[in-house]
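Each chain is listed here by its residues.
Number of protein chains: 4
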Amino acid sequence: MFIYALEFKVRDYECDLQGIVNNAVYQNYLEHTRHEYLLENNISFELLHHQGVDAVVAHIDIAYKTPLKSGDEFICKLYVRKEGIKYVFHQSIFRKVDNKICIKAKVEAVVLINGKLAASHPQLEELVPLEQ
Amino acid sequence: MFIYALEFKVRDYECDLQGIVNNAVYQNYLEHTRHEYLLENNISFELLHHQGVDAVVAHIDIAYKTPLKSGDEFICKLYVRKEGIKYVFHQSIFRKVDNKICIKAKVEAVVLINGKLAASHPQLEELVPLEQ
Amino acid sequence: MFIYALEFKVRDYECDLQGIVNNAVYQNYLEHTRHEYLLENNISFELLHHQGVDAVVAHIDIAYKTPLKSGDEFICKLYVRKEGIKYVFHQSIFRKVDNKICIKAKVEAVVLINGKLAASHPQLEELVPLEQ
Amino acid sequence: MFIYALEFKVRDYECDLQGIVNNAVYQNYLEHTRHEYLLENNISFELLHHQGVDAVVAHIDIAYKTPLKSGDEFICKLYVRKEGIKYVFHQSIFRKVDNKICIKAKVEAVVLINGKLAASHPQLEELVPLEQ
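From first to last, the protein sequence lines are chains A, B, C and D.
Using my numbering, you'd call the opening residue of the first sequence number 1353 and step up by one each time.
Using my numbering, you'd call the opening residue of the second sequence number 1353 and step up by one each time.
Using my numbering, you'd call the opening residue of the third sequence number 1353 and step up by one each time.
Using my numbering, you'd call the opening residue of the fourth sequence number 1353 and step up by one each time.
Be careful, since some hints might not be right.
[To be verified] One side of the interface only, derived from the structure: several residues of chain D facing chain B at Cβ under 10 angstroms:
no. : residue
1   : Q1370
2   : S1422
3   : F1446
4   : V1449
[Unchecked claim] Cross-link-like lysine-lysine pairs, in silico, DSS-like; alpha carbons within 30 angstroms at most:
no. : chain 1 : residue 1 : chain 2 : residue 2
5   : D       : K1468     : A       : K1421
6   : D       : K1361     : A       : K1452
7   : B       : K1438     : C       : K1421
8   : B       : K1361     : C       : K1458
9   : D       : K1421     : B       : K1361
10  : D       : K1438     : C       : K1417
11  : B       : K1417     : B       : K1456
12  : B       : K1438     : A       : K1421
13  : D       : K1421     : B       : K1421
14  : A       : K1458     : B       : K1458
15  : B       : K1438     : A       : K1468
16  : A       : K1417     : A       : K1361
17  : C       : K1468     : D       : K1458
18  : A       : K1452     : A       : K1429
19  : B       : K1452     : B       : K1429
20  : B       : K1456     : A       : K1458
If you're looking for bench data, these hints aren't it; they were derived computationally from the structure.
Ideal Cβ placement from N, Cα and C applies to all residues, glycine included.
Model the full structure from these sequences, guided by the hints.
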């Protein structure tokens, strides 16, 4: 199901006073994984922006299952589907030591071209599986 | 409906290369608003942690409506409900200049007492409206 | 000596696993204070950037005196001097409850116009005291 | 001279509205490199904290030479010296593609044992070169 995976290690500054990774930081992990996945498909988030094409998150849903701690290594995996005009990234994070699921997220992105909502973008369209 | 409101102003370091506030940063705004709301009710998130009581986010759902930009002032509002063992914070962010809604979020928190899931905590229970 | 002051309150997500504000976060406080100071003088850091004018930090020196903790309120103060082509911001942070100094910083900024180092910029020049 | 090196890649959320890595983020890179270096020497920053031993930054000096941008890969290198009671980390960041220096930093840390300034800590002392 997953078509892309990226490895990370928790950095201490990402942990808060509870001694675990702060909830907001998982969105950083998710975003970086999406952008690296795009890059692997020759799509630069930054370059798109300079061309007037902005992929923006319209909705995010995150279930927090197991907190990551200082020193934890983990893997962020994803797959993509198209739902109407939305590119939906299904993303999960697994702790490396025991493959335990840490978070499960659904990230819905839409494309703005010169600030206007677009139904699709050729480069992003290639990411969507044909068999869908 | 909303019972608490906190004012903010976007800080430039919170904006990313798209020139708008990064998606993850809204979780910072939401968290800070919840913690300030708790403090106003004499509940310290930090103190609870040192007493072995951790309120942790189990699930978050955010609809991104209008992006905030450099210099924008905004208000983060909330109200709380109890659903089973979950304390559910309904939070919205409004841009100050025109009261436009920026994000709408539902944050479900649970309480861990000495690392174990608890059905409730006396101090948090006082936040839940009786008429619910 | 100080000509500008901005009030803040520590946000819990800014604290790390030592339970104190993470060192890097003070740079956020310093930057936000500089940008708000500029805004009060009708200089928008963002607008300058869109005009091809970038004020960039060339050197920073921070002495950490007293750590800030969850819930602390504090004031960030500054004054500006010109040293050669550098705009030097002298910035200190004081804890509000007892006026104790938290950090003392010297931030040297230079101006790039269309990517090239410039000796000065008219708007920024107005910030430098005449009596210097 | 350098005795430790750690590789990174810029993450897009680390870039600000100028399209370059925000100044404060370099402190995150520097801190993570120090903590990974300590871990390689079997010293856990987090574990020390739970034992009442806190290494804290007393002073930092950063010269910003070349900004990092979206997609840049870079290497953060360090070596350590002792100056009085201070453990001084000399750290530089080099852009991978051309080995250009991005920042040069001097980070002075001191050790607090149960909140009191200590002249040294056995584990950290082992990091200091004998020939110094």
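Hint check:
no. : hint                : verdict
1   : Q1370               : holds, 8 angstroms
2   : S1422               : holds, 6 angstroms
3   : F1446               : violated, 22 angstroms
4   : V1449               : violated, 19 angstroms
5   : D:K1468 <-> A:K1421 : holds, 27 angstroms
6   : D:K1361 <-> A:K1452 : holds, 26 angstroms
7   : B:K1438 <-> C:K1421 : holds, 28 angstroms
8   : B:K1361 <-> C:K1458 : holds, 25 angstroms
9   : D:K1421 <-> B:K1361 : holds, 26 angstroms
10  : D:K1438 <-> C:K1417 : holds, 14 angstroms
11  : B:K1417 <-> B:K1456 : holds, 8 angstroms
12  : B:K1438 <-> A:K1421 : holds, 23 angstroms
13  : D:K1421 <-> B:K1421 : holds, 21 angstroms
14  : A:K1458 <-> B:K1458 : holds, 15 angstroms
15  : B:K1438 <-> A:K1468 : violated, 38 angstroms
16  : A:K1417 <-> A:K1361 : holds, 18 angstroms
17  : C:K1468 <-> D:K1458 : holds, 27 angstroms
18  : A:K1452 <-> A:K1429 : holds, 13 angstroms
19  : B:K1452 <-> B:K1429 : holds, 13 angstroms
20  : B:K1456 <-> A:K1458 : holds, 16 angstroms
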